[in-house]
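Asks: One line per chain: the protein sequences are Z and X, in this order.
Using this note's numbering, the letters of the first sequence correspond one by one to residues 1 to 534.
Using this note's numbering, the letters of the second sequence correspond one by one to residues 1001 to 1096.
Keep in mind that a hint or two might mislead.
Okay, derived cross-link-like pairs now, DSS-like style, lysine-lysine, Cα gap no bigger than 25 Å in a straight line [claimed, not checked]:
id : chain 1 : residue 1 : chain 2 : residue 2
1  : Z       : Lys12     : Z       : Lys335
2  : X       : Lys1075   : Z       : Lys9
3  : X       : Lys1075   : Z       : Lys269
4  : Z       : Lys324    : Z       : Lys289
5  : Z       : Lys238    : Z       : Lys254
6  : Z       : Lys12     : Z       : Lys289
Here are the computed distance ranges between Cβ atoms for each label pair [stated by the list, open to error]:
id : chain 1 : residue 1 : chain 2 : residue 2 : range
7  : X       : Gln1010   : Z       : Cys21     : 57 to 67 Å
8  : Z       : His98     : X       : Gln1010   : 52 to 62 Å
9  : Z       : Pro241    : X       : Gly1096   : 17 to 27 Å
10 : Z       : Gln329    : X       : Tyr1042   : 44 to 54 Å
11 : X       : Ser1089   : Z       : Gln76     : 31 to 41 Å
12 : X       : Gly1096   : Z       : Phe250    : 45 to 55 Å
13 : X       : Pro1008   : Z       : Arg385    : 55 to 65 Å
14 : Z       : Gln329    : X       : Thr1072   : 30 to 40 Å
15 : X       : Pro1041   : Z       : Gln329    : 20 to 30 Å
16 : X       : Leu1081   : Z       : Ala74     : 16 to 26 Å
17 : Z       : Gln518    : X       : Phe1069   : 36 to 46 Å
If you are wondering where the hints come from, they were derived from the structure by calculation, not from laboratory data.
Note that the Cβ used here is the ideal one computed from N, Cα and C, for glycine as well.
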Amino acid sequence: MKVRSDIMKLAKSMHTWVGVCAGILLFICFFAGGLSMFQHHISKWATPTQQVLPKVSPDQSNELIQKVQTAYPAAQKNFTLNLSSNEFHYAPITWSEHERGDGFNAAQSTWMASLDDKGQLIVAQENLSKAGWLIEQLHETAGIPGMAGHHGLGLYVMGVVSILYFLALLSGVIILLPTLVKDYFVIRPGNNKKRFWLDAHNVIGITSLPFHIIISISVIVFAFHDFFYDSIGQLALKGQPVFQRSPPDFIQPKQTQIDVQQILAQAKKVAPEYSVDYIQFSGLDKPEKANARIALYSSDQMLRGANHDFMRMNPYAVEHFNHKGINTQTDAGNKLINAMFSLHFGSFGGTGVRWIYFVLGVGGAFLFYTGNILWVETRARKQKRVEDPVPVQRKDVVFLANLTIGACLGCVLAVVGTMLASRWLFAAFNIESMNHLFMYGYYAIFLLTLIYTFVIGYAKALPQLLLTLVFMLFAIPLTSFVAYFIPQSGLWVHGGEILVVDFLAVIFAFAFWRFYQQAQDRRKSAPTGSLWAS
Amino acid sequence: MKAKIQSPIQPHWWSKTFAGGVLGLSLSIAIGNLIVLFGQPYVAMDLLVQVGMWSVPWVWMPIMFGSYFFTTGRKALIYLLIANTLAYSCIFVLRG
């Protein structure tokens, strides 16, 4: 297809500049977003066994609730009952003495309770390890610290970045149009490295275009929905509140004790397609206003939350419930809105779609990395003839190469490094708050990598960083191995589906090993003064 | 021989970014509001406002992208201003 030359020129300038501005932040969000598909697996992977209490059978739930509430008055107000969720895998019942506000809170001090074999109450207070939750925070904010109102500052920054990202997507399509048929699905390795990067960039970009468009639009909504809603309230509704609350039902509960079986039976009746993963009880001290927020899961539905649909119910009067949030109980319009959320979260189609979203997320990160490298490669100064003077690379090119390699690999190293360190450091020093370790560890490794890359130069740093990453990634399953065979080491391992984390580490280790070899070869064969010579 | 383009697109990054980013946004907000106003008799309000809200970025982003393809920044500003005026007039007439 032919595209007018002036349009082409405009699209190229636009794609270059918005891409370079947004690329690195998008890399961080996409890498962390890909991982967040398995965030609860990662949290569990990084949870010391000391922070896990035994499970109880569902018919013991009522007994456990009664015992906990008698002994601990704070649980008479609110608590979470876990049935089969990885998110609250720590104990059958968890609660905290203070209600947590919105936003970032590294101190996750939580009470938890279970029953032992003889039906005796076991209670512990722990600062729960939530690595996956922190990875999700990284995904939402790109690691930009600070709060603005009730959201992280990073969320608003990413809202603006998403606008650039959308422009980059469409301008990229225009640039590719003339050669789309010829270039699509062709990756030409060989001596022309720029050609290879461009082919890889194109194939990933075009294949995942619908996914990227959905992500960019939904992020703009996640960042600026309050503003959009306010505009509707002020203009179309003439200052009326956008969401009008229907007057609450007058509820006079007949019972004073929570009956979990009754709640589950009611949930099953209302939403037979779903299973219940956990229930969050709140406001229990005022029975007429008490609320049970029931997390429902079905792999056949487009779920509105990142993992669940939710229904609400008065736990003392189960005939009073709100099932508007359930995909099967709502109309086509609401299903459309649900789909907008679900398509961002990948919360439909069960585990298969989670894996696809994982690949799309990590692939997206690769897309932004290749984009920046292409910018650098395009501006490389080359020695065309032997008698020409040795070229000196432009300062801005060197700067962006340092920044891209330092920040992108810094992010990956920081996530992998802190995960690995958490297991060994906890075993060695009995760390009080794992989350502080994760958080400060992340920033420390990220910044050190960035500084190191700028100091010794990207060309030298790249193979070194890649090799470090390979060792760290191989050390992850190795740590699980040691934990399994030498339990007295103080390390821990969770079996079953949690091994997916170790599995992914091995896959990534081999991939980065290949990248390392390529980087090393390129560095050795690079002529003096060229882009990759160190 | 290649036909010469009559009036090639000028870059005008700042004025077009302002046109797409600010006037494009206000136009999209107006369209989101019009969806709410037109849909009022047919769709339940709590759903309708969500549809209106979600349509803002879906409308805004293509407008923002499109505004770079006006031949000049001036034209982008003028056309978007006219569109804004029309859209907001509709809102104030419809809501009464």
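Asks: Would you mind marking each hint as holding or not holding in the structure?
Replies: So, going through the hints one by one against the coordinates:
1. Z:Lys12 <-> Z:Lys335: 38 Å, violated
2. X:Lys1075 <-> Z:Lys9: 19 Å, holds
3. X:Lys1075 <-> Z:Lys269: This hinted pair is violated, its Cα atoms lying about 60 Å apart.
4. Z:Lys324 <-> Z:Lys289: Given pair lysine 324 of chain Z, lysine 289 of chain Z holds - Cα atoms ~18 Å apart, limit 25 Å.
5. Z:Lys238 <-> Z:Lys254: Violated: lysine 238 of chain Z and lysine 254 of chain Z sit about 42 Å apart, past 25 Å.
6. Z:Lys12 <-> Z:Lys289: 58 Å, violated
7. X:Gln1010 <-> Z:Cys21: 57 to 67 Å: 22 Å, violated
8. Z:His98 <-> X:Gln1010: 52 to 62 Å: 59 Å, holds
9. Z:Pro241 <-> X:Gly1096: 17 to 27 Å: Since the Cβ atoms of proline 241 of chain Z and glycine 1096 of chain X sit about 19 Å apart, the hinted range of 17 to 27 Å holds.
10. Z:Gln329 <-> X:Tyr1042: 44 to 54 Å: Since glutamine 329 of chain Z and tyrosine 1042 of chain X have Cβ atoms about 21 Å apart, the given range 44 to 54 Å is violated.
11. X:Ser1089 <-> Z:Gln76: 31 to 41 Å: Between serine 1089 of chain X and glutamine 76 of chain Z, where Cβ atoms are some 57 Å apart, the hint is violated.
12. X:Gly1096 <-> Z:Phe250: 45 to 55 Å: With a Cβ separation near 36 Å, glycine 1096 of chain X and phenylalanine 250 of chain Z fall outside 45 to 55 Å, so the hint is violated.
13. X:Pro1008 <-> Z:Arg385: 55 to 65 Å: 36 Å, violated
14. Z:Gln329 <-> X:Thr1072: 30 to 40 Å: 53 Å, violated
15. X:Pro1041 <-> Z:Gln329: 20 to 30 Å: 24 Å, holds
16. X:Leu1081 <-> Z:Ala74: 16 to 26 Å: 59 Å, violated
17. Z:Gln518 <-> X:Phe1069: 36 to 46 Å: 39 Å, holds
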